[in-house]
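J.: Taken in order, these protein sequences are the chains called L and H. FYI, the numbering for the first sequence is 1 to 606, going by the numbering used here. FYI, the numbering for the second sequence is 1 to 595, going by the numbering used here.
There are no misleading hints in this set.
Stretches of chain H that chain L covers, calculated by requiring three or more beta carbons in the stretch to come under 8 angstroms of a beta carbon on chain L:
| hint | stretch |
| --- | --- |
| 1 | 89 to 95 |
| 2 | 101 to 109 |
| 3 | 137 to 148 |
With a straight-line cut-off of 35 angstroms between C-alpha atoms, the simulated DSBU-like cross-links for lysine-lysine are:
| hint | chain 1 | residue 1 | chain 2 | residue 2 |
| --- | --- | --- | --- | --- |
| 4 | H | Lys149 | L | Lys16 |
| 5 | L | Lys417 | H | Lys49 |
| 6 | L | Lys62 | H | Lys49 |
| 7 | H | Lys49 | L | Lys217 |
| 8 | L | Lys88 | H | Lys49 |
| 9 | H | Lys149 | L | Lys84 |
| 10 | L | Lys417 | L | Lys464 |
| 11 | H | Lys465 | H | Lys482 |
| 12 | L | Lys84 | L | Lys417 |
| 13 | H | Lys317 | L | Lys217 |
| 14 | H | Lys116 | L | Lys94 |
Derived by calculation from the structure, the hints in this document are not laboratory data. No experiment lies behind these values; they were computed from the predicted model shown. No residue lacks a Cβ here, since even glycine has one placed at the ideal position from N, Cα and C.
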Amino acid sequence: MSQIKSHKFYEPAYLKEVQDLLKNSGQREAYNSEVNCVVLAGPGSGKTKLLTLKIARLLHEKINEPQGIACITYSTECSREIKKRLDKIGIEEKRNIYIGTIHGFCLNQIIRPYAKIAGYPLPDPIKVVDSENWNHYFSRAACELGIENTYQTITHFGWYRRTFIDKSSEEFIMNNKRISKLIINFEKILHEDGFIDFDDMVLSGFMMIKEFSWVRKAIRARFPYLIIDEYQDLGIPLHKIVTQLVFTAGVEIFAVGDPDQSIYGFTGAEPNLLNSLAESENIKRVELKLNYRCGEKIINNSLISLGEKRNFESATVDSGKLYFWEYRNGVQEQAEMICNEIIPTSLKNAPGRNLGDIAVLYLDKFDAAVITEEVKRFGLNYIGGDKNVRYKPTPVTRWLEDCASWCSGGWKIGDPKLSNLVHFWVNTRNNIESELDDKLFRQLFINTIWNNRDPSTPLDQWLKNFIEIGLIENLDNSQIRVDEIESLNELISSSSNLDKMGTFNINLFGKQRGSPDHLNLVTLHSSKGLEFDVVIMMGLEQGRIPNYRISKESDSFKEERRKFYVGLTRAKREVHLVYSGWYETSWCQIFKNGPSQFVLELLKIE
Amino acid sequence: MYISRIEIDNFRNFHELRIDLSKNNVIVGENKIGKTNLIYALRLLLDPKLPEADRHLRLDDFWDGLPRPLDEKAFIRVSIDIVEFENNESLLALLAEHLIQPEPMISRLTYVFKPKANLDTPPKKESDYEFLVYGGHRIENRIGYETRKWIPLSLLPALRNAEADLASWTHSPLAPLLRAVISNIQRETLDEAVLEVTKSNEKIAEISEIKSLAEQIQNSLVNSVGEKHAINTSLGFSPTDPDKLLRSLRLFIDNGQRGISDASLGSANLLYLTLLTLELERQVAEGERSHTFLAIEEPEAHLHPHIQRLIFRDFLKTRDEGEDTENSSTQTILLTTHSPHIVSVAPLKSITVLRKSDDGMATVGMSTAKIDIDEKSIKDLERYLDTKRGEIVFAKGVLLVEGLAEEFLIPKLGGLLNHNFDELGISVCSVNGTNFFPYLKLLGEKGLNIPVAVLTDMDPQEGKKSLGLTRVGSLLEIFMDKDTVDDISDGDLPKFAENWGIFLNNSTFELELLNSGHKSDMCSALAEISENGAARARAIRWNEEPKSIDKEQFLKDVEEVGKGRYAQRLASIIKEKICPDYISKAIIYVTNKIP
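Using the sequences provided together with the hints, build the complete structure.
T.: This is the structure in structure tokens:
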């Protein structure tokens with residue numbers, strides 16, 4: 001079945017988009033590859049487009065239903081982006097297409113269908129523990145064994161659990177007997193109460209794939225192709241799952257990632273996993289070297305910061321520019337001057353540039369609070385920023401944003417699609433009803449969203465309509481979305497708080513992402529995958545980046561470099577580096593180490 | 001892949017139906033026993049053409065035996081277990097989520113019709129109920145069109161008019177096959193063929209006689225309705241538009257000599273089923289579906305018994321023999337019938353019998369799918385079913401006997417004792433020897449579960465244990481372990497075996513009959529039928545002086561005539577209302593077990 005199923009009157013939408021892609025030799029090679037393939041994709045190399053078109057090609061040309069495809073992403077946010085792009089080329093989520101996180105994959109495609117009949121020791125039914133209860137179980141487990149419950153214990157606990165997965169193995173038992181006992185005790189008391197946690201999902205998923213050949217066989221039959229995005233962020237358990245599926249079960253893999261952008265070491269991610277996969281036998285390795293985003297100068301500077309040799313080329317005309325801003329009076333002054341000097345400069349540099357083209361990247365929540373306050377004081381429209389002011393982005397809050405955008409005019413152009421909004425609504429409900437009853441449930445939602453199509457409706461009033469038709473009850477019943485209910489409650493409370501979002505109408509709420517007239521406030525960590533015309537990085541002091549705790553010889557030091565590199569490579573045309581040469585910690589200690597060495601390295605060349 | 005088990009609770013005739021199935025199934029039962037309901041139950045799960053609204057059942061679909069008003073916990077459930085799909089990736093992809101057992105894999109699909117979850121008051125009306133279809137053990141793992149479209153149950157309408165259906169483009173299963181082929185034909189090849197046909201068409205039309213007829217028709221049309229309204233006609237044997245040309249292709253039989261309309265009814269039906277089978281295979285091959293469950297209801301309507309046997313012997317048997325390669329058996333058959341002729345040619349392990357439960361309240365099902373006997377015995381039983389036209393399957397009780405003599409005489413003896421076997425539904429079946437074993441398996445509790453008794457001869461052996469006792473001992477091992485049987489003394493064995501429906505005499509059937517008091521009739525029969533003068537004379541003498549009967553000689557004389565032939569004759573004259581003890585006990589044993 002290798003030839004394209006041709007239709008006289010219908011050419012699949014992806015074939016048009018592919019034409020562009022095929023001009024780039026790396027992308028062409030990856031797109032056409034017929035074997036396991038690892039794509040090392042530098043910043044701005046168009047990897048998401050490649051990934052979605054590859055999925056389209058597999059679905060149209062390689063896969064016969066009811067077999068399908070699984071696409072694993074780092075976060076629900078990433079899977080939203082991929083779903084959205086697939087939707088644009090006419091590919092909708094169906095039973096045979098899984099797009100989501102590795103946690104969701106393990107829970108819904110492995111544990112739920114197979115754990116019980118495999119006799120694998122997990123609770124049934126399964127509830128997912130929320131963070132508050134997690135802490136409660138952890139301290140109970142630690143207390144019972146007389147282990148001190150510190151931040152270090154928790155970190156080591158998580159790392160150990162994700163690294164030595166097989167609990168019957170020598171290395172698990174012997175490496176650190178204290179921690180291994182703690183892990184066993186923690187899981188025991190958690191499972192006794194019918195809960196599992198997020199790590200449980202992936203670890204159990206891996207153990208089941210490893211132990212039961214029929215599980216591998218079933219997964220291979222359902223998903224003969226496995227697509228993985230941001231491989232470098234996914235950690236050891238995923239790597240082991242992939243190894244089992246590819247080399248034991250015979251699943252074909254298409255993995256995309258960039259070891260240089262591996263900045264989630266604290267979750268167990270390691271850049272060398274992707275490299276070692278790429279070097280494995282029977283794996284085609286493709287590098288994408290053409291950068292469609294950053295100007296040449298920005299690329300060159302970013303590679304200096306990274307400290308590695310890469311033969312990246314820029315595909316853009318503008319070579320880009322770096323600015324260095326030193327404000328000696330500390331972070332407060334940095335924030336003020338960003339609003340007062342840097343942003344106006346940047347807007348003047350390029351006529352037609354909007355606030356939405358600019359992003360301020362900061363290192364932590366303390367800087368977030370400072371810059372958010374300042375931006376508000378200057379009366380600038382913004383999105384993101386201090387999380388305490390607003391709500392966490394979760395699938396539910398993102399979906400509400402989409403609903404708001406639909407109500408504010410999206411309905412006229414079919415963007416977002418009503419069917420997708422309805423689909424999400426129906427899926428909020430996990431309890432057991434009949435198939436006919438679903439129609440009424442759908443109708444209820446459609447009526448509500450239809451009757452609230454006024455962009456000027458105040459946000460809190462609009463939200464009430466959805467609460468009235470049972471949004472919160474549905475989420476309560478659906479067991480696994482405890483964290484989402486929390487963030488929904490945050491949203492509801494801040495929508496009626498005049499200091500927060502009390503002044504929002506739904507038009508504004510619906511534009512929370514990608515609005516042309518709103519300044520973007522983002523942490524450096526979560527800027528990965530985003531791009532902006534202008535990037536302003538603040539708080540770049542030696543001791544903060546690289547962090548004072550990290551020695552220059554350690555692997556983590558390289559991760560500090562990668563973090564800085566990720567920040568730089570978010571920019572298309574301008575990077576503004578902002579620093580004071582000193583900083584004050586949250587415990588009011590002042591360190592005067594000068595600007596970040598990464599800044600100094602770049603200054604030297606200028 | 002096939003359905004290995006069906007369970008139905010509280011649906012129409014069924015209270016707690018549990019049946020094991022094999023790949024292809026012939027479901028038999030008398031009218032109104034629920035054959036159609038069984039198929040409908042499967043349609044609730046598997047038929048993508050059944051409207052969703054029809055999946056919402058009605059209150060009268062609940063089994064009549066449930067007290068009304070319905071208990072608030074009452075529900076209807078249909079579930080099927082599917083097996084042997086794990087080596088087909090497409091089926092595995094579809095069914096893996098619904099596993100209930102991993103090795104070997106079994107997946108279960110379940111339909112439930114039950115009161116709604118959040119009712120404030122007990123359910124009263126139909127709208128208080130809801131249905132759901134789910135896979136595996138997980139009720140939240142719902143199944144809809146997206147699943148059933150890949151493994152549909154297709155209901156074949158009764159084969160009333162196969163001939164007409166074959167002739168029409170819209171109804172013939174040939175049409176989709178042709179259409180599929182047409183799409184692969186090169187346009188040039190087609191155009192070339194069309195050119196040839198056009199030429200031939202023209203050539204025929206040019207023949208002067210034909211030409212003038214054509215003109216005559218056209219002129220006549222114009223004369224009657226005028227130029228404007230007359231349709232334009234021409235004579236030819238085929239339209240010359242390429243697409244229409246292909247649609248006018250017809251099947252011919254006998255080397256193209258005759259059309260389908262000349263085929264016998266039997267061949268037309270066979271052809272129809274063959275084409276349909278090909279079409280279903282094509283759909284799987286082209287990835288339109290992964291498997292078909294083909295339900296055929298009462299195909300015997302309008303078919304002569306011989307034709308029934310002819311068609312279904314091949315149709316059913318060839319399927320079972322083509323074993324499990326990956327692409328084989330992309331369809332499995334569920335055929336319902338009340339025709340013994342179809343049953344008689346069905347593979348032994350494909351038979352499922354539906355009948356009334358003992359209390360008459362519900363329909364229960366018995367199947368042969370799981371009976372455990374060797375291949376040779378299966379072949380023997382199939383041959384037996386074939387020659388006896390499936391009679392045993394429809395019996396309410398069965399007496400298994402050694403030979404034709406018993407088969408002729410025992411119904412008669414029963415009649416003399418006022419047990420009318422036809423009325424009771426008791427069949428006397430000769431196993432033509434003494435190998436009762438496979439028959440007991442077939443009829444026993446794990447098979448068709450029909451009340452059965454075995455009547456067998458002692459066959460004493462000089463100086464050794466009698467053959468009869470050895471035989472009874474080994475038959476008892478069907479019901480208990482060998483040690484238990486060995487513990488019973490030879491003297492107690494015959495009496496003990498009666499508890500299990502095995503009845504042993506003291507010698508052989510004929511002698512038992514003779515001893516029981518039928519001497520006069522038996523001698524007359526022998527005298528009438530024997531062609532040997534000496535034997536005839538002996539028989540006449542014995543009849544006058546019964547005490548002088550030499551039993552050994554009597555047996556020899558009977559054997560010379562042939563036991564069967566003798567018994568046939570005897571049956572027509574026997575009149576004493578007496579019967580050997582072991583026979584009357586066996587009759588009572590079976591009669592008591594018939595509900």
